[in-house]
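Asks: Using the sequences provided together with the hints, build the complete structure.
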Amino acid sequence: MKKLYFWLLPVLLLASGLISCNNDETCRKSKTVLMGANFYQDTLNLKTNKYVTINYKADSLTASGVDRDSVIYNKVKNISEIKLPVDKLKTQSRFSIKFNEVYDTITVLYHNTDEYLSLECGCVRTHTIDTVLTTNHIIEKIKIIQPIINTTYVENIQIYLAE
Amino acid sequence: MSKTFKYILLSSVILFAGLAQAQQPQNNSLANTKTTSQSKKDTTTVPVWQGINIEIDIEPFIENAFTNNTNRTVYSYQGNVQANLKNSYLPVIEFGMGGATRNLTNNTSFRSEGMFGKLGVDFNLLKPKPGAKIKNNYFLAGARIGMSQFNYTIDNLIIEDNYWGGTEIINYSIPTTKFWFEIVAGVRVEFFKNLYLGWNVRNKHLLNNGKYGAVTPWYIPGYGRGETSAWGFSYTVGYHF
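Read top to bottom, the protein sequences are chains R and Z. At position 113 of the first sequence the residue is numbered 112 (numbering that gives the first Met the number 0), and the sequence of numbers has no breaks. At position 191 of the second sequence the residue is numbered 190 (numbering that gives the first Met the number 0), and the sequence of numbers has no breaks.
FYI, nobody ran anything at the bench for these hints, they're computed from the structure. Quick caveat: nothing in here was measured; it's all calculated off a predicted structure. Using N, Cα and C, we set each Cβ at its ideal position, and we do this for glycine too. Some hints here could point you the wrong way.
[Stated by the list, open to error] Listed next, with one range per pair, are the computed distances between beta-carbon atoms:
(1) Z:Val120 / R:Thr90: 30 to 36 Å
(2) Z:Thr176 / R:Pro146: 32 to 38 Å
(3) R:Thr112 / Z:Gly50: 53 to 59 Å
(4) Z:Ala142 / R:Lys89: 50 to 56 Å
(5) R:Lys30 / Z:Thr152: 21 to 27 Å
(6) R:Cys26 / Z:Val45: 21 to 27 Å
Replies: Listed below in C-alpha cells is the structure:
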C-alpha cells in the first residue's frame with residue numbers, strides 16, 4: 000500500500016502541475032488611463048458677501064481633441080465631470096471644450112512613465128501633469144489637484160468657470 | 000495555482016505524516032518506558048558521516064515533453080549534491096541552468112536564460128525503531144535559499160493610443176539577479192543498492208521582484224513562474240557514494 004502511495008502521489012502532483020500550465024493570454028488588468036476633470040464655479044454669497052465654490056453642471060457640453068475628428072463628449076446634458084484621454088505618445092495634449100455655445104481650449108503638459116503589468120497585459124503608460132493652460136472665454140482658471148494620471152480614476156484637475 | 004493542487008499537496012503532507020507516524024513503535028507506552036541510556040545508545044551508534052548523494056531532477060524532462068509548444072518553451076537541467084550526516088541532517092547544494100521562451104499572438108515575446116544555485120538543508124523525519132536495522136528510506140523536510148543570475152528580453156510590447164492614434168513598440172533587455180527561499184518536503188527510497196528514487200514538493204517565495212510597475216521576468220531559471228510565490232515539483236534519481 001505504501002509503495003502505491005509513493006508512486007501515485009507524485010503522478011497526481013505532476014498531472015496537477017501540467018494542467019495548471021495553460022497558455023492563457025487574457026489580460027485581466029485595467030489599461031484605461033483618463034484624466035479626470037470636475038467643473039466648479041465661484042459664486043458670491045449675498046448673505047455673507049463672500050465667494051463660495053459650488054459644483055457646476057454644464058447644460059450642454061462637447062469635448063474633443065484639437066485636430067481630431069472624433070468627439071469625446073457630444074452635446075452631453077447636465078454634466079459636471081469629464082474624463083479625457085491624453086496623448087500617450089506625446090507630452091502635450093490640447094482639448095477643445097464647448098460649454099453651451101462658448102469654446103475654450105485647454106492645453107495639458109505632462110511627462111510619461113511606463114508601468115509594466117505583465118507579459119500578457121504589456122505596459123500601461125501613465126502621465127504626470129506639469130502644467131495646464133487654458134483660454135479664458137468661459138473657463139476662469141484650472142487647478143491641478145492630483146498630477147498623476149493612471150488607471151485609477153481620480154479628479155486630476157478642477158475647471159473653474161466664470162459666472 | 001489551482002485549488003486541486005493545494006488539496007493534493009495537503010493530502011500528501013497528511014499522508015506522509017501518517018506514514019512517518021507508522022514508523023514509530025506500535026506500543027508507544029512501551030517505548031516511553033525505555034531508559035535514557037538506551038536511547039543514547041541508539042542515537043550514538045549512527046556515525047556522523049553517512050556519505051553523499053548525487054541526484055538529477057528528471058521532472059522538467061517530463062513536464063517539458065507535455066507542455067512545450069511553438070508558443071511556449073521552458074527548459075531546466077538541474078542536479079544536487081547532498082551530504083548525509085547521522086542519517087538525520089542532509090545539507091545540500093543544488094545547481095542547474097534553465098530558460099524559457101514565450102510568444103504571444105500579438106507578437107510580444109519573452110526570452111530568458113541563465114544559471115541558478117540553491118543552498119539548504121533537509122531533515123530526515125523518519126526515526127528508525129530502537130535497535131532496528133537502519134533502512135535507507137527518507138521522509139525529508141527542509142529549506143533552500145536560491146539565486147539565479149540571468150538575462151531576459153521582452154520584445155514588441157505595444158503602446159497604442161486609440162483616440163489620438165499611433166503606436167509605439169518597446170523592447171527590454173535586462174540582466175538581473177533574483178533571490179528566493181523554498182520550503183521543501185518529500186520522500187526518497189533506495190530501490191536498488193545505492194540507487195535512489197525520490198520526489199519532493201516545493202513552495203517558493205521570491206525575495207526581490209521589484210516594485211509595482213517595474214519590468215519583471217515571465218520565467219526565472221530555478222524558480223519558475225509566479226510574481227511572489229510559486230510551487231515546484233521534483234522527481235529525482237540519485238546515487239549514494
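Asks: Take the hints in turn and mark each one as holding or not.
Replies: Okay, the hints, checked on the actual structure:
no., hint, verdict
1, Z:Val120 / R:Thr90: 30 to 36 Å, "violated (54 Å)"
2, Z:Thr176 / R:Pro146: 32 to 38 Å, "holds (34 Å)"
3, R:Thr112 / Z:Gly50: 53 to 59 Å, "holds (56 Å)"
4, Z:Ala142 / R:Lys89: 50 to 56 Å, "holds (51 Å)"
5, R:Lys30 / Z:Thr152: 21 to 27 Å, "holds (22 Å)"
6, R:Cys26 / Z:Val45: 21 to 27 Å, "violated (56 Å)"
Violated hints, in rising order: 1 and 6; the structure is consistent with all others.
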